[in-house]
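Peer 1: The residues making up each chain are set out below.
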Amino acid sequence: MNEFYQKDIFSIKDLPKEQLEKIFTFTDKIMQLDPSDRREICKGKTLGYLFFEPSTRTRLSFDAAMASIGGNSLGISDISSSSTQKGESLADTVKIMSIYSDVLVLRHTLDGSSRFAAEVSEKPVINAGSGTEEHPTQAIQDLFTIKKEKKKIDGLKIGIIGDLKYGRTVYSLLHGLGNYDVDVRLISPESLRIRSDSTYEIKKKLNFTESTSLDEHIDELDVLYVTRIQKERFPDEEEYLKVKGSYVVGLDLLKQMKDDCIILHPLPRIDEISPEIDNTKNAKYFEQAEYGKHTRAALLGLILNENGF
Amino acid sequence: MNEFYQKDIFSIKDLPKEQLEKIFTFTDKIMQLDPSDRREICKGKTLGYLFFEPSTRTRLSFDAAMASIGGNSLGISDISSSSTQKGESLADTVKIMSIYSDVLVLRHTLDGSSRFAAEVSEKPVINAGSGTEEHPTQAIQDLFTIKKEKKKIDGLKIGIIGDLKYGRTVYSLLHGLGNYDVDVRLISPESLRIRSDSTYEIKKKLNFTESTSLDEHIDELDVLYVTRIQKERFPDEEEYLKVKGSYVVGLDLLKQMKDDCIILHPLPRIDEISPEIDNTKNAKYFEQAEYGKHTRAALLGLILNENGF
Amino acid sequence: MNEFYQKDIFSIKDLPKEQLEKIFTFTDKIMQLDPSDRREICKGKTLGYLFFEPSTRTRLSFDAAMASIGGNSLGISDISSSSTQKGESLADTVKIMSIYSDVLVLRHTLDGSSRFAAEVSEKPVINAGSGTEEHPTQAIQDLFTIKKEKKKIDGLKIGIIGDLKYGRTVYSLLHGLGNYDVDVRLISPESLRIRSDSTYEIKKKLNFTESTSLDEHIDELDVLYVTRIQKERFPDEEEYLKVKGSYVVGLDLLKQMKDDCIILHPLPRIDEISPEIDNTKNAKYFEQAEYGKHTRAALLGLILNENGF
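Going down the list, the protein sequences come from chains E, P and Y.
For the first sequence, the residue numbers in my numbering are 1 to 309.
For the second sequence, the residue numbers in my numbering are 1 to 309.
For the third sequence, the residue numbers in my numbering are 1 to 309.
One or more of the hints may lead you astray.
What the hints assert, rightly or not - Straight-line distance between alpha carbons at most 27 angstroms, and here's what the computed DSS-like set of lysine-lysine pairs gives: (1) E:K43 to Y:K244; (2) P:K95 to Y:K205; (3) P:K95 to Y:K281; (4) E:K231 to Y:K258; (5) P:K95 to Y:K148; (6) Y:K255 to Y:K244; (7) Y:K95 to E:K151; (8) E:K95 to P:K281; (9) E:K150 to Y:K258; (10) P:K95 to E:K43; (11) P:K231 to P:K147; (12) Y:K150 to P:K43; (13) Y:K151 to P:K95; (14) P:K231 to E:K95; (15) E:K95 to P:K13; (16) E:K244 to Y:K281; (17) P:K95 to Y:K203; (18) E:K95 to P:K203; (19) Y:K95 to P:K95; (20) Y:K242 to Y:K258; (21) E:K29 to Y:K147; (22) P:K95 to P:K147; (23) E:K29 to Y:K148; (24) Y:K95 to Y:K157; (25) E:K95 to P:K147; (26) E:K281 to Y:K95.
Everything labelled a hint here was simulated from the structure, so no lab data went into it.
Owing to the predicted nature of the structure, the values given are computational and were not obtained by experimental measurement.
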């Protein structure tokens with residue numbers, strides 16, 4: 001009996017290290033399987049998605065993951081064209097989609113939406129991003145990428161740069177990293193520092209420092225995790241342009257990095273990473289996207305098969 | 001040889017009682033089948049949908065039904081983004097989609113659209129809602145739900161409440177009920193009474209009374225079928241609020257009902273049924289949604305397999 | 001080893017006659033296969049589509065083609081709702097979709113977009129229409145239709161009528177016809193003549209004349225290829241109405257044609273061909289749509305199977 005069977009996935013905080021490692025093991029297994037054997041894992045199963053906040057990238061990642069293990073996907077990618085527009089409650093929409101599918105994938109602007117959904121859903125619910133902090137499948141993908149590319153997570157120095165205030169990806173990653181013995185450097189403009197109310201909990205399990213300067217840390221990092229900085233977040237454009245320039249990862253910066261430092265990004269990127277980096281051995285963000293498909297497939301396979309696969 | 005094979009489904013009026021019962025029998029069969037056997041029924045077959053009027057719920061019900069029997073779906077869920085926008089005729093759009101699929105599912109604002117479509121289609125056409133009165137697969141779903149939950153249809157007292165003027169669901173259900181020996185109570189605000197030109201035909205085969213008061217009938221009903229009342233239908237808001245309040249199904253009303261009265265709703269609901277009803281044994285609208293998937297799967301299986309399944 | 005294996009399809013100009021004929025041979029094979037054998041060709045393979053310019057028709061043709069050979073499709077049919085809106089580059093969008101799929105289908109307004117996409121894509125890229133001239137799969141479909149319906153292409157007289165200036169379909173067809181020994185009559189209003197800069201290359205390999213009069217050529221044609229004339233292309237409405245009337249293919253015109261002249265149209269049509277033509281033996285535009293599905297399936301099957309199928 002596998003502990004993920006029919007389990008909801010709300011938050012990375014709910015997943016102890018052993019469970020993360022189990023997902024990684026099954027991800028490795030999926031990557032080694034022959035495609036036709038892989039398609040047996042969720043053959044004929046249906047994933048139902050409900051995206052109350054559009055996210056083409058995350059939706060397609062789940063869709064591709066489900067297809068790779070033999071299942072299919074259906075749902076609503078843009079809730080504005082659905083019954084919810086007619087005033088239907090989230091509860092009813094969730095309930096119905098859960099009748100039509102074997103597992104539900106929910107994206108929503110509100111914190112707690114997936115927990116609420118699970119109360120009415122007939123089927124397990126996976127949170128595909130909610131509120132300001134939760135994006136558990138992204139964190140699993142990120143942790144797996146670090147482990148796969150660095151052969152370990154413990155002992156690493158990890159820099160996270162960009163908008164640390166508004167990106168839910170970063171909060172989930174930090175909670176995930178809290179399971180490991182790592183040193184984290186948070187690097188952001190003053191106005192986009194991580195929210196102090198959120199770090200309270202993170203501080204208990206994770207060593208991290210905060211800074212506005214990438215230069216200060218660049219030569220000590222094993223992993224540089226870059227996030228997007230959105231212009232709209234800045235009150236005046238001048239500050240944006242200043243910040244933007246100093247945080248762009250280009251070949252100059254690369255020279256200052258450790259030779260085996262890997263560069264990650266949850267994507268989509270705008271210009272935080274210069275395209276000239278793409279073909280260097282340090283760039284691992286496209287591998288990260290591919291691992292995202294496989295980690296999601298592993299998770300779906302575990303949730304939908306009583307005895308694993 | 002099965003009489004549904006390659007047959008169009010335009011209207012519930014075309015389906016005699018024996019054919020309805022046959023669909024019910026095959027629905028039971030589908031529900032008892034092992035999922036992997038179920039997926040053999042329409043393995044590799046393609047459903048093509050054309051929704052000229054958006055209806056996420058109905059489209060997903062067909063999509064989920066087709067997936068459950070091993071087929072796949074493709075089509076246009078929002079015709080505004082398609083070639084029709086370039087001025088293409090309904091006939092051409094239908095013709096092409098029928099070339100791409102094994103069965104066509106059409107939703108359209110106009111009466112007669114599915115009959116017209118069938119004239120040019122290479123493949124059988126299923127009406128997924130058209131004009132003011134036709135929604136045959138919803139009526140099949142509703143009749144099956146009553147039969148499944150009450151073990152019979154004949155002899156029942158059935159109340160139908162809400163907007164009886166504009167909802168095509170109600171007209172189709174009444175025609176379907178005309179095949180059985182039932183007593184129907186139509187309950188609606190004066191301004192949303194059933195259209196008299198439409199009842200002319202229904203009167204010939206169905207006993208029904210009309211009333212504005214639910215209280216009057218509540219204690220005698222075996223089935224209470226609730227429909228949505230849309231604010232936009234009322235000339236002034238005051239009348240809307242008055243009506244709305246008096247027709248909401250809540251725990252108070254439930255106490256007046258027969259202990260085994262079942263409550264149905266085609267969904268989506270707004271607030272016609274209070275959420276506190278959802279967990280009572282009387283609430284059967286979510287089961288109704290599930291049966292909708294299975295009745296559609298049965299119908300598709302019969303249409304696409306010469307000798308049934 | 002099959003020369004299409006993992007190959008990109010950018011332009012009809014890249015496909016020599018032997019390769020076109022090979023696709024035709026495999027299209028015939030697909031049409032003869034039993035559906036269940038056909039579904040083995042790309043079983044479990046995933047087509048990823050990226051439509052930067054909406055084209056429901058072309059997208060559904062690829063989707064139906066992929067389904068018929070056992071694969072599935074996912075992607076973005078309307079790029080305006082995707083990450084590209086957040087400023088993501090074409091390169092990144094392509095790169096990610098190529099990670100999620102086995103073959104990429106790209107529609108884009110810009111010339112050269114598919115070549116550019118192939119440089120970053122992990123998987124082969126098929127151009128589903130780009131810029132002003134390239135639509136290779138449409139040309140393959142058109143050539144196959146002529147060959148199938150006329151039993152040959154060499155020796156035919158082919159009239160192409162309508163908007164020859166803006167329709168990319170016509171340019172691709174002309175390049176495709178350049179592989180055969182045919183006589184082409186280009187017929188268009190003066191203002192919608194084929195662009196002279198584009199004909200420079202075509203002239204080297206294809207005999208064609210230009211004219212504004214259909215009457216002049218109607219009785220000598222073996223194939224009449226009709227294209228849509230869009231009102232928006234004309235500076236004043238009067239000229240549009242004059243042209244529109246004189247180019248409509250109706251029963252009167254049909255009487256002047258050779259008895260076995262076939263009428264083609266890439267669809268969607270508006271009123272360039274009168275519906276009364278649809279049921280004549282000369283109308284082959286719906287067959288053309290069906291062949292489009294099968295030629296695309298053949299191409300996908302060749303690209304995704306090292307040793308053909």
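Peer 1: Each hint needs a verdict: does it hold in this structure or not?
Peer 2: Going down the list of hints, with the structure as the test:
1. E:K43 to Y:K244: Violated, at roughly 53 angstroms.
2. P:K95 to Y:K205: Answer violated: P:K95 to Y:K205 is near 36 angstroms, above 27 angstroms.
3. P:K95 to Y:K281: Given pair P:K95, Y:K281 holds - Cα atoms ~17 angstroms apart, limit 27 angstroms.
4. E:K231 to Y:K258: 65 angstroms, violated
5. P:K95 to Y:K148: 20 angstroms, holds
6. Y:K255 to Y:K244: 19 angstroms, holds
7. Y:K95 to E:K151: 25 angstroms, holds
8. E:K95 to P:K281: Holds, because 17 angstroms separates the two Cα atoms, which is no more than 27 angstroms.
9. E:K150 to Y:K258: 72 angstroms, violated
10. P:K95 to E:K43: Status violated; Cα separation ~32 angstroms.
11. P:K231 to P:K147: 32 angstroms, violated
12. Y:K150 to P:K43: Violated, because 35 angstroms separates the two Cα atoms, which is more than 27 angstroms.
13. Y:K151 to P:K95: 25 angstroms, holds
14. P:K231 to E:K95: 25 angstroms, holds
15. E:K95 to P:K13: 31 angstroms, violated
16. E:K244 to Y:K281: 65 angstroms, violated
17. P:K95 to Y:K203: Roughly 37 angstroms between the alpha carbons, so the hint for P:K95 and Y:K203 is violated.
18. E:K95 to P:K203: 37 angstroms, violated
19. Y:K95 to P:K95: 36 angstroms, violated
20. Y:K242 to Y:K258: With Cα atoms ~26 angstroms apart, Y:K242 and Y:K258 stay inside 27 angstroms; holds.
21. E:K29 to Y:K147: 49 angstroms, violated
22. P:K95 to P:K147: Status violated; Cα separation ~37 angstroms.
23. E:K29 to Y:K148: 48 angstroms, violated
24. Y:K95 to Y:K157: The given pair, whose Cα atoms are some 44 angstroms apart, is violated under the 27 angstroms limit.
25. E:K95 to P:K147: 23 angstroms, holds
26. E:K281 to Y:K95: 17 angstroms, holds
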